[in-house]
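Visitor: Sequence:
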Amino acid sequence: MDDLDYQIITHLIDDGRMPYAQIASHVGVSTATVHQRVKRLRESDYIQSFTVDVNWDALGYPVDAFISIRDNGTQGLAELSENLRSIPFVRSSAAVTGEFDLLLHVKARSSSHLGEILDEIRRIAPGPSRTLVTLSTYISGQVPPLPAEEQ
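Numbering follows this note's numbering, with no gaps: position 127 of the sequence shown is 127.
If you're looking for bench data, these hints aren't it; they were derived computationally from the structure.
Each residue gets a CB set at the ideal place from its N, CA and C atoms; glycine is no exception.
Do not take every clue at face value.
Unchecked claim - Taking CB as the label site, the calculated pair distances span:
#1 Gln-48 to Pro-128: 27 to 37 Å
#2 Ala-32 to Thr-74: 51 to 61 Å
#3 Gly-60 to Thr-31: 34 to 44 Å
#4 Glu-120 to Asp-53: 21 to 31 Å
Start from the sequences and build out the full structure, keeping to the hints where you can.
Guide: Set out below in structure tokens:
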């Protein structure tokens, strides 16, 4: 990774659909160079995917919750997460430190729908849990400075 790679990634973070020609214009290289660099960055796993940032409220999922669960040693965390994958409303599962083992990010249609999702989670992971429902989000999608920007 060099400074040019970091510049290209920064532009793609800002707008994943930005045309390579526009990125090339911003960073002062040819479109072909940007295309080759992006291809190499994807092959090297620096860029894992291009995603869409959707408005979950508009799509009918206004309830945003974080559920902490404990494994209780019955399953490994990877196996437990894989079992939780069967619940389509679980957006992510991360191993965490502290009182609980996993932190789930869940989207729901309503508070009663969240209750149904919690029932499914408890069926798969019957140990202690804690649920936090998001009231407002003030910062989302912020990206830390890339190493080239920190210098």
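Visitor: Look at each hint and say if it fits the structure.
Guide: The hints, checked one at a time:
no.: 1; hint: Gln-48 to Pro-128: 27 to 37 Å; verdict: holds (33 Å)
no.: 2; hint: Ala-32 to Thr-74: 51 to 61 Å; verdict: holds (54 Å)
no.: 3; hint: Gly-60 to Thr-31: 34 to 44 Å; verdict: holds (39 Å)
no.: 4; hint: Glu-120 to Asp-53: 21 to 31 Å; verdict: holds (26 Å)
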